[in-house]
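J.: Sequence:
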Amino acid sequence: MSAKKRILVLAPHTDDGELGCGGTIAKEIARDSEVTYVAFSSADRSLREGFPPGTLKKELMLATKVLGLQEKDVVCFDYDVRNFSTRRQSILEDMLALKEKIEPTMVFAPSLNDLHQDHKVVAEEARRMFKRTSILGYEMPWNNISFDTLSFSVLDRSHIDKKIEALTCYASQRHRAYLNADFIQSLALTRGVQISVPYAEAFEVVRWILP
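Per the working numbering, residue 1 is the first one in the sequence shown, and the count goes up by one each step.
Quick caveat, the hints were computed from the structure, so don't treat them as lab data. Mixed in with the good hints, there may be bad ones.
Said to hold, decoys possible - Keeping only pairs whose Cα atoms sit at most 20 Å apart, straight-line, the calculated SDA-like set for lysine to any residue is:
1. Lys5 x Ala97
2. Lys57 x Ser46
3. Lys65 x Arg157
4. Lys5 x Lys99
5. Lys99 x Ser134
6. Lys131 x Glu103
7. Lys58 x Ser46
8. Lys57 x Cys76
9. Lys99 x Arg132
10. Lys99 x Val38
11. Lys120 x Asp148
12. Lys120 x Arg87
13. Lys99 x Arg87
14. Lys131 x Leu210
15. Lys120 x Trp142
16. Lys72 x Asp94
17. Lys57 x Thr36
18. Lys101 x Phe77
19. Lys99 x Cys76
Stated by the list, open to error - Estimated spans, in silico, between C-beta atoms of each pair:
20. Phe51 x Ala3: 37 to 45 Å
21. Arg207 x Ala97: 16 to 24 Å
22. Ala3 x Arg48: 39 to 47 Å
23. Asn180 x Ala3: 32 to 40 Å
24. Asn180 x Gly54: 21 to 29 Å
25. Asp73 x Gln185: 25 to 33 Å
26. Arg48 x Ala97: 28 to 36 Å
27. Leu92 x Arg157: 32 to 40 Å
28. Pro198 x Asp80: 37 to 45 Å
29. Asp73 x Arg45: 20 to 28 Å
30. Arg207 x Ser146: 16 to 24 Å
31. Asp80 x Trp208: 29 to 37 Å
32. His175 x Glu93: 31 to 39 Å
In this text, a Cβ means the ideal position worked out from N, Cα and C, and glycines have one as well.
Use the sequences and the hints to build the structure in full.
T.: So this is what it looks like as structure tokens:
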């Protein structure tokens with residue numbers, strides 16, 4: 001019997017992990033994989049007027065619960081949004097602690113081609129820290145001028161439904177075009193067509209290690 005997968009999802013901000021690989025998270029939890037979700041910022045400074053500090057942390061916990069994660073497996077740090085580049089060493093040290101605690105067999109992180117400054121820092125530091133671990137870069141089309149669809153996660157409708165349901169937990173972010181359910185489903189359909197399955201999520205291969 002093979003050992004359980006130990007998956008680490010690195011999200012620069014709350015909701016990034018759900019957007020990039022929410023369907024795959026739901027699938028892997030259903031398969032009894034051990035999944036840890038880490039957000040490096042609750043992005044309070046980006047909240048619209050009328051939403052109190054801490055809103056996104058609460059929404060994160062609701063969203064990850066929908067995907068099947070337990071509260072103990074969700075971490076949210078408080079790095080200041082859009083200023084990750086000034087905290088690279090601290091972020092790297094947090095990743096080291098996660099690596100030693102979890103010993104992940106697979107890491108999901110933003111694409112190395114992601115244009116958002118915080119996403120790029122997390123992607124680059126993840127490649128540095130997890131150099132002996134398989135790493136897949138997840139897709140966020142609004143931040144990716146280019147994206148190499150080199151790996152796919154085959155999904156079924158239930159996984160996409162979970163992803164969409166999780167993202168509806170982010171009431172404070174409903175104004176974001178990319179949280180639109182039709183967009184989420186359409187992207188999953190597009191990636192599915194590429195490999196002749198109903199639905200899929202696509203990833204860049206940063207590093208792939210065959211055990």
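J.: All hints are to be evaluated individually against the structure, with a verdict given for each.
T.: Status of the hints after comparison with the structure:
1. Lys5 x Ala97: 19 Å, holds
2. Lys57 x Ser46: 13 Å, holds
3. Lys65 x Arg157: 18 Å, holds
4. Lys5 x Lys99: 14 Å, holds
5. Lys99 x Ser134: 13 Å, holds
6. Lys131 x Glu103: 12 Å, holds
7. Lys58 x Ser46: 15 Å, holds
8. Lys57 x Cys76: 7 Å, holds
9. Lys99 x Arg132: Between Lys99 and Arg132 the Cα gap is close to 11 Å, so the pair holds against 20 Å.
10. Lys99 x Val38: 12 Å, holds
11. Lys120 x Asp148: Roughly 16 Å separates the two Cα atoms, so the pair holds.
12. Lys120 x Arg87: 13 Å, holds
13. Lys99 x Arg87: Holds - the C-alpha atoms of Arg87 and Lys99 are around 18 Å apart, at most 20 Å.
14. Lys131 x Leu210: 14 Å, holds
15. Lys120 x Trp142: 14 Å, holds
16. Lys72 x Asp94: 17 Å, holds
17. Lys57 x Thr36: Holds: Lys57 and Thr36 sit about 16 Å apart, inside 20 Å.
18. Lys101 x Phe77: 16 Å, holds
19. Lys99 x Cys76: 16 Å, holds
20. Phe51 x Ala3: 37 to 45 Å: 42 Å, holds
21. Arg207 x Ala97: 16 to 24 Å: This hint holds: roughly 21 Å between Cβ atoms.
22. Ala3 x Arg48: 39 to 47 Å: 44 Å, holds
23. Asn180 x Ala3: 32 to 40 Å: This hint holds: roughly 38 Å between Cβ atoms.
24. Asn180 x Gly54: 21 to 29 Å: For Asn180 and Gly54 the Cβ distance comes to about 25 Å; the hint holds.
25. Asp73 x Gln185: 25 to 33 Å: 26 Å, holds
26. Arg48 x Ala97: 28 to 36 Å: 33 Å, holds
27. Leu92 x Arg157: 32 to 40 Å: The hinted range 32 to 40 Å holds for Leu92 and Arg157, with Cβ atoms some 39 Å apart.
28. Pro198 x Asp80: 37 to 45 Å: 40 Å, holds
29. Asp73 x Arg45: 20 to 28 Å: Holds, since Asp73 and Arg45 (Cβ atoms, about 26 Å apart) stay within the stated range.
30. Arg207 x Ser146: 16 to 24 Å: 19 Å, holds
31. Asp80 x Trp208: 29 to 37 Å: 33 Å, holds
32. His175 x Glu93: 31 to 39 Å: 35 Å, holds
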